[in-house]
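S.K.: Quick note: the sequence shown, position 78, residue 78 per the UniProt record's numbering, numbers continuous.
These are computed hints drawn from the structure, not numbers from a lab. The C-beta atom is built at its ideal place from N, Cα and C for all residues, glycine as well. Mixed in with the good hints, there may be bad ones.
Taking CB as the label site, the calculated pair distances span [claimed, not checked]:
| no. | residue 1 | residue 2 | range |
| --- | --- | --- | --- |
| 1 | G212 | P115 | 32 to 38 Å |
| 2 | L191 | H7 | 23 to 29 Å |
| 3 | P122 | R67 | 19 to 25 Å |
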Amino acid sequence: MISAPVHLAGERLLLDPSGVLFWPSRQLLVVSDLHLEKGSHFARHGRFVPPYDTRETLSRLAPLMRRYTPERVVFLGDSFHDAEGAARMQPADRAALMHLLGNRLVTWVLGNHDPVAPDGLPGEAVEEFREGPFVFRHVGMAGKEAGFEFSGHFHPKASLPTRCGPVTRPCFLADARRVMLPAFGAYTGGLEITAQPIAALFPRGGRAFLLGRDRLYSAAVGPMKHLAAVTGRPAESLQPS
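Sequences are here, hints too, so could you generate the full structure?
M.R.: Here it is, written out as structure tokens:
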């Protein structure tokens, strides 16, 4: 996979086509919105879906842990789909997660789906986490008082025109002060970056990085405009990042 480098607050960051962010100088990996145990949550409420979302999500996370070997992992909230999700994990899935966390420093930023620390798992649970010039929070804040931030929550996605019609993919969205991460979980949808809750955080636009099979595709996003209208070019002509 080919990561896309971006610079924020004088720091070099890597956006991975899988949807995670890596901060090399701090050996820190950022992952957002895993929504583990979403399938079992649905089952408890009479909506039966294949119960393999946790296993699939962890299997996607494992090679990234091997690739980046982070010293710290920051989960940006909604790591579990509800407050009891960690307690419902199958033993094999819990063992797999414990293996991935290993001896690393782990920070669980609390989200709206998981407002309490995950039961029986290592690491600290916080409303916000600060490291160097950055603040890590679940829901982004508007205005300069937000600082230089990483956030998730909205599951951003964007569309690009192609010769065969529009293609919609999860994406990173970045400007000079913030990076919003896509949802990493197997059972997660997305919200178009033109939707008001996202657009309000990027009043001057920014740059979207759409997730591809092994690379990212980037395009400038104007204020309150649809990505396709801004680029005006088919995806095949965009410069992979």
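S.K.: Look at each hint and say if it fits the structure.
M.R.: To see whether the hints hold, each was checked on the structure:
1. G212 with P115: 32 to 38 Å: holds, 34 Å
2. L191 with H7: 23 to 29 Å: holds, 26 Å
3. P122 with R67: 19 to 25 Å: holds, 21 Å
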